[in-house]
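Chains as they are written, first to last, in the working numbering: chain R, 1 to 249; chain C, 250 to 424.
Simulated pairs of lysine-lysine, DSS-like, Cα-Cα distance not exceeding 27 Å:
{"#": "1", "chain 1": "C", "residue 1": "Lys297", "chain 2": "R", "residue 2": "Lys73"}
{"#": "2", "chain 1": "C", "residue 1": "Lys362", "chain 2": "R", "residue 2": "Lys8"}
{"#": "3", "chain 1": "R", "residue 1": "Lys64", "chain 2": "C", "residue 2": "Lys362"}
{"#": "4", "chain 1": "C", "residue 1": "Lys387", "chain 2": "R", "residue 2": "Lys58"}
{"#": "5", "chain 1": "C", "residue 1": "Lys325", "chain 2": "R", "residue 2": "Lys64"}
{"#": "6", "chain 1": "C", "residue 1": "Lys300", "chain 2": "R", "residue 2": "Lys64"}
{"#": "7", "chain 1": "R", "residue 1": "Lys73", "chain 2": "C", "residue 2": "Lys325"}
{"#": "8", "chain 1": "C", "residue 1": "Lys387", "chain 2": "R", "residue 2": "Lys8"}
{"#": "9", "chain 1": "R", "residue 1": "Lys224", "chain 2": "R", "residue 2": "Lys152"}
{"#": "10", "chain 1": "C", "residue 1": "Lys362", "chain 2": "R", "residue 2": "Lys58"}
{"#": "11", "chain 1": "C", "residue 1": "Lys297", "chain 2": "R", "residue 2": "Lys58"}
If you are wondering where the hints come from, they were derived from the structure by calculation, not from laboratory data.
Residue strings, one per chain:
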Amino acid sequence: MTCNENRKLLNPYVDGELDSAGSLAVENHVQGCASCSSDVDNLRALVSGIENGALRFKAPPHLKRNVQAAIRKANPTARSSFFQWRWLSVAASVVLIFALTWTVTLRRTQSSEEAQLVNDIVSNHVRSMMANHITDVASSDSHTVKPWFGGKLDYSPPAKDLTEQGFRLIGGRLDYLENRPVAAVVYQRSQHFINLFVWPSRRSEIKPEDQLSLQGYNVIHWTKSGMTYWLISELNLPELNECARLLQE
Amino acid sequence: MFDQNELTAFNEAVLPHLDAAYNLARWLTRNDHDAEDVVQEASLRAFKYWKGFSGRDCRAWLLAIVRNTYYSWIRKRSVQPELTEDGEIDEVDEGIPSPETALLQSADREMLKAALEDLPVEFREAIVLREMEGLSYKEIAGIATVPIGTVMSRLARARKRLQIYLTNSAMQKSL
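One chain only, chain C, in its complex shape:
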């Protein structure tokens, strides 16, 4: 169904976003091997849907496929991702020391990585898409197929959790 020209067009449009695809898959799966599997499967799906893609934003399109591939992959493995109920920004910080800017700024890569990996998956993907891919709320909403308000609340809750995690681990480290 694909001639050589279309194959080349696909490669030129999609392959430059392989790093972004892998980064998202790697944060979702939290390991190298699974991330590669997801990206490979997602690329095949992208290839399959390529003809129906009108071609506005190839990166966002590919990231949406990576995300969908991850969720069907996780279902196949019957491992349920730890989904959290979406809602208002929760007041979970009762009794928890409020984060300190200095502590957050001193957080190193390993701490940040651990904090991110500890997030529920839908928070993690929101953070990755926002902070690492620089996508807008609207774009993230499109990829995660949720309303923009949900993206906003996920990001807020995710950041709150990250701050708490980082503050706690910074305090433990200093003990």
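Excised from the complex, chain R in its bound form:
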């Protein structure tokens, strides 16, 4: 190999980019050639000078922040979807609050009597849990609960056992609503108690089932076969609906 040929390979040789045969050929030439040997030394001195010369620039700390900010700004979809969801949830809350207020207000204006009843139902439900007096008769057997009411009321409330469906019958209690004693059938779903108030309806027309939330409690109301039913619990509405559906079956 001539010096000219060799010189073309010196840079890849120093950089370790030659295959072993090429590398060996250069080595052999360099060993016997003072000029090429000094070229190799010069190249190595230069390369290590740059490598060790502290020539790297380090990104200033604010650059990372700026880049992140610019990317956030340039990503309106992600950002806006985030904000859209937030606004959507805010809007949903507003609608919900409005709807509830409307429902309750409507009830109040339509029938202050019924509004008073709903308040009483909530109060009774709360009291039943506060006073540690949720049941007068504690039993998961509907054949125990149902007859228990028999001697105390002039009607026979249902006491369906829904244990298999996840609503455990835990007993019955006498309560007082609309100036009369009423049956409270008590169910439990995990830690949540459910009161079902039942008494003969004074109204002849069948009201469609309706529901509302008050003070954090969900209330579902329906009438059936001359009886009025009020189901109340802090249980979430879907589960309480499920309970109502099972009771109506």
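Put chain C on the given structure of chain R with help from the hints.
This is chain C only, laid out in the frame that chain R set:
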């Protein structure tokens, strides 16, 4: 189009190479402010192309974007970079004293910096990618979109120029 997870993935993959990106941009532009602009613009481009990136070597990918961003930035400013024709290693060292190893070794940071800044931009980028980022010829070829042979000749010519520059300034200093 980007959800939070993808944004996080991008940040985790790309931001660690911000120093490498800045270093290349800084050597290409030769000043802090422009380097920051280029990196910022390049990061936005990277973000835009992130979904199409298969993700083998994120650093090389980002460096290629930085380089492209620099060239379009320079075109926008209608400042033509001093491009040099690629070719065989030129014999420019006629009549110029051959470099001495001792002189090259004594070159300090300021001298090296001045020598590098004096290089034509495509030589400068080859040196930065090779010497500072430790990239292979193949990787540099990929970033600069030139054949490997061109990378080889650019590096050889760049080093020749650096040696000459350093030898001259060392000799001037000693006068």
